[in-house]
Each structure stands twice: as C-alpha cells, then as structure tokens.
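> Spelled out from the first residue to the last, the chains are:
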Amino acid sequence: MTEQSTVPTTGANSEFWTGKRKQRLWRAVQTVLILIAAFIMLIPIIWIFLAAFKSHVEVYQLRLFFTPTFENFGTVFEEPYDLGAKLFNSTIVAFVTVVFAIPIATMAAYSFSRFRLKFETTILVVILATQFVPAVVIILPFFIMFRDLGLLDTRIGLIMVNLAIVMPFAIWMIKGFIDGIPMDTEEAAMVDGSSRLQVIRNIVLPMAAPGLVTASIFCFILAWNEFLFALFLTNREATTLPIGLALFRGEEGDLWNLLSAAGIIIMLPMFVLALAIRKYFVQGMTMGAVR
Amino acid sequence: MRDQTLKYLLVVPAVLVVFATAVWPLIESLRFSFYQGRTDRGDFPQNWLGFENYTWAFLYEPAFWNSVWVTGLYTVVTVTLTTLFALGLAMLLAPGGKLRSGVQTLLILPFAMSPALIGVSFRFMFNPEFGLFDAFFGVVFPPLADVSWLADPDLAFAVIVMADVWGWIPFLTLVLIGGLASVPQDTIEAAQVDGASGWRVFKDVTLPQLMPVLAVVIILKAIFSLKTFDQVFMLTNGGPGTATQTLSHYIYITSTRYGQVGYAASVAWLMVIPMMVLTYFYAKFVFKKD
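Quick note, the sequences are listed as chains A and B, same order.
Start counting the first sequence at 1424; every next residue gets the next number (this note's numbering).
Start counting the second sequence at 10; every next residue gets the next number (this note's numbering).
It is worth saying that the hints were derived from the structure and are not from the lab.
Okay, the calculated beta carbon distance ranges per label pair:
#, chain 1, residue 1, chain 2, residue 2, range
1, B, Thr-265, A, Met-1613, 50 to 56 Å
2, B, Arg-266, A, Val-1522, 32 to 38 Å
3, A, Thr-1545, B, Leu-115, 39 to 45 Å
4, A, Ile-1459, B, Gly-250, 33 to 39 Å
5, B, Gln-13, A, Glu-1660, 43 to 49 Å
6, A, Ile-1466, B, Tyr-289, 35 to 41 Å
7, A, Met-1613, B, Ala-199, 47 to 53 Å
8, A, Glu-1501, B, Leu-216, 53 to 59 Å
9, B, Gly-147, A, Ala-1508, 37 to 43 Å
10, B, Tyr-17, A, Ile-1579, 26 to 32 Å
11, A, Ile-1469, B, Thr-265, 30 to 36 Å
12, B, Lys-212, A, Ile-1459, 23 to 29 Å
Cross-link-like lysine-lysine pairs, in silico, DSBU-like; alpha carbons within 30 Å at most:
#, chain 1, residue 1, chain 2, residue 2
13, B, Lys-293, A, Lys-1541
14, B, Lys-297, A, Lys-1541
15, B, Lys-212, B, Lys-293
16, B, Lys-212, B, Lys-297
17, B, Lys-293, A, Lys-1702
18, B, Lys-297, B, Lys-16
19, A, Lys-1445, B, Lys-107
20, B, Lys-16, B, Lys-293
21, B, Lys-297, A, Lys-1702
22, B, Lys-212, A, Lys-1445
23, B, Lys-107, B, Lys-212
24, A, Lys-1541, B, Lys-16
25, A, Lys-1443, B, Lys-107
26, B, Lys-212, A, Lys-1702
27, A, Lys-1443, B, Lys-212
28, A, Lys-1702, B, Lys-107
Where a beta carbon is used, it is the ideal one built from N, C-alpha and C, also for glycine.
My request is simple: use the sequences and hints to build the entire structure.
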C-alpha cells in the first residue's frame, strides 16, 4: 500500500491525529510489523543455527550466549550416523536427476515454444497435472516394481522416481525462458542456410543458458529436499540427507545438537542456491500461472 | 530434417519420461486398487476384489474417515491462514525500499528449506522441557509453559498447522507482491481523490484486481495442503494416536507397516479425485492468458 492511501479522511476528529503525525505513526507501525514478521520467519532457522554450535548439555539450558563448539559437525560424520554417506547420496541423486531432466526438458520446451503441435495443449496440461499427483500415488507401483527388480535402496531407483517431480517444473520453466527469446535471430540464421539443429545449438542454447542454469538449480533443490520417495524406497545404502534426520532419535530422545548440525548441512547449500536464483523462484513454482 | 518431423521427435523423450514416471504409476495404482495386494505374499497383486477396497475404506475403516477429516480441516485452516497472513505481509512489503526488499529476500529461505527439516525444527521449538515456546510462555504466560504441545491432540494439530503456515507464507507473499505490482496505480489514486478510505480502496480496487492471482495461489496451496506428508511425519508422525494423521500418512502406514498396498492404492485414488478437480481449475487459469 502506498503512503497516499493512508491519508486520513474519516474519524480524524482531533487536531492531534490529523495529517503528517498520523502518517508518520502509521509508517512506524508498519516498520515494526515488518520487523516482527522478519523475526518470526527467521526464528526456526536461527534456533537451529544456535543449537548446532551448542554442546549436548547446553541445548537443554536454553542459553543465548555460550561458547560455540564445532564438535557436532564432526560427530555427525562419524559412526553410527555417518552423514557423509547420505551427503554423497543426496548429491549424486539430485545431480544425476538434473543431468537427465534438463536436456530432455529443453528439447521438449523448444518444440512447445516454437511449433504448433497436435494435442499441444493437452500434452502441456497433462505435464502440468503430473506435478499435482500425490507422491504416495506414484510411489506404490514403483515400490512393487523395484522390489521385484531388486532396485529398492539403490540410487538408480531414487533417480528414476525423482524425475517425476522434476520434469514438469523443468519443461514449463524452460519453455518460459525460450518464449522470452526473440525469434528473429533464429529466422535470420535459417535464411542464411543453417539447419534447425544448428540454430538450436548455436543460437538458442547460448541465449537460453542463464535460464537453463536457473532451471537446473531449481530442480536440484526440489530433488535435494525430496522426502517421501526416499522414505519408501531406501533404508540403508541409498538414504538421503532428509531421511538421515531420523537417525538422531536416540533412546534417550532426540539429539538436538546433532539434528541441528545435520539440519545446517541440509539447508545451507540450498539457501545459497535459492538466493542465487531468487528472481525466478516464484515463477518456477507457479509454472507460468503467475507472472 | 524437416521441422514437421523434428518438432515431434524433440517432444518424444520428455513425453516418455513423464508417461513412465507419472502417468503409468497413476494407472497402475488404479489397477492395484481393485486387487488384494499384500506385500507379504510372493506374487503381486493377488485376488481381484472389484470395488471391495473402496467399500472397505468407506464402511469399515474409522481410521480412513479420521484421516479424511484431518486432511480436510488441515487444508481449510492452512489455506485460510496462509492466504490471510501472506496478503497482509504482501501489502506491507509491496512498496519496496531497503528494509522491505531486504525482508523479501529473506522470504526465500523458508521456501528453500526441506519440509522434513521444517518439521524437525518445529518439534524442537515445541519441546515441553527446553523448547523455545516453553521458555517464551514461561515469561509471557506461565500457564502455557509446561504444556506438552505434541502430546495433546488439538495442540499437536495446531503445531502442524503452524509449521505449514510458516513454511508457505513466504511463497504466497512473494507471488502476491508480484500481483500487487500489476494493480494499476492510477486507479488507486483516483479512488483516493474521490475520498475513499484506505480500507475501501483495498476492498473495492486492489482486491478485485488481485483476484486472479489470489485464485491461483489458493488452488496451488490447497493442492499442496491435501498432499501434506513430510512435516507431519517428522513432527508428530500422525500422533498422538491418529490426531494428526493426514491421508498421505495413512496411505504410508497402511502400505509400509501393514503391507496393504492394494487397499492403500484405493485410498490414494480417492485422494486423486479432488486433486484432479483442483488441477482442472488451475490449468484453466494457466491457459486463459493465451
């Protein structure tokens, strides 16, 4: 809301509350509200950050000031937690998922963007709709199939099902980027005798590169944070970081300092990636429904 | 190669992947739902049951109805609260400036956080002995200080709602800020010149202009609320008892703990139907622009 809209028109019966004074007060109230909102948004994150640097005893004392320790970050990588293996699995699974998804999605996105296809709208709607299919529905047949094929608890299995999550976003996002590239350069090159594939390689791909990087990062975050598939399909060898969080439920209760350290390892890289593509984050999530 | 051929060749791999990873499992789940499909038998699925799994869920499973109720209430409450808070926050942050755009940047963070981790952090904060809320209420409102939040059915439900609303406000806020930016400024100013109060301007000018964007985010949020699993699993694991058991969690338990994949698939398909209705409206909004 703009400041003009807060100019009082009714109810300002005393001199004290009219004009500039009320406006300034309202602006101060807004600032306070914004700061409170920012604080609420940050609290769970700050709380995890603090606990990760506390010793086991200090977590139970609720202190804001304490001598920070890096011990937790060492402990989580040791037996029996062995977070390194989960970190490796998460990285490989998310990375390979993206490596498969992006080229396939780019090809399709180019075609959807530049040509009229039979059933184009239908295909695009179906692709869009698959994003909304509950993960529990998708996972049941895969669970049975992987059990029969011996693919349970493997990274390959996890990568295959992760494509289900990533593909619709990748196609729609990249289509949006290619839609934004003017067609003139392509047409000029075609007139000069380039083939369509040469045009795609030499003109479209370089121009779409920032968009492809953005889509890759977005998909990487989705695959990295994925939880339900990994919970169904993995139990030892191929477990990913979010599933690894369950390890820190000891007999004596939750080991909050270790949970928090693991939490930081999960979220910090994603914060960096998300901030890098923050302008496109919202667009990616709404798949062009909102611009 | 001619464009006529190429344009279809380019789409084939993507269509195959989407078909194999989403359409096929959807159809296969539907097939499972008509069979007895237990995972402790060698073959799968076993006997043809027709609609028996569905009638079983409707007639003999209070746990199914419980999860329908939990999911429905959860969806209505989280969609309402998230939308209202996000709308307020978007109005506050829309004007821009240093502080406001700084906070807008911060809003990305909860959204990049794994929902499972959000669940963990809320369980941490609501710990009755040393959680943040315990300490907070110890000072502000002592009667609430030693409440075991996650042991009480209603409070546990309130906590999963809070975790979800916390996690989704940022996204909805950012979308609505984008929507507010497209509300023509001169219309607002004209209304102000005519002497409309701030509230009237909002209700009669801003809100109607914002409706299409609002509709899209409400549908999107409803879809994600209906599917909720990760935070619930990490926060309460459906408990205490089944007080916070969403449909996704119910399907997870029946299929993994009890090995009833056929039955679970029928419940899963009952969940697909409202989802299809929502998707239909969502797709209408997406393609209306073209």
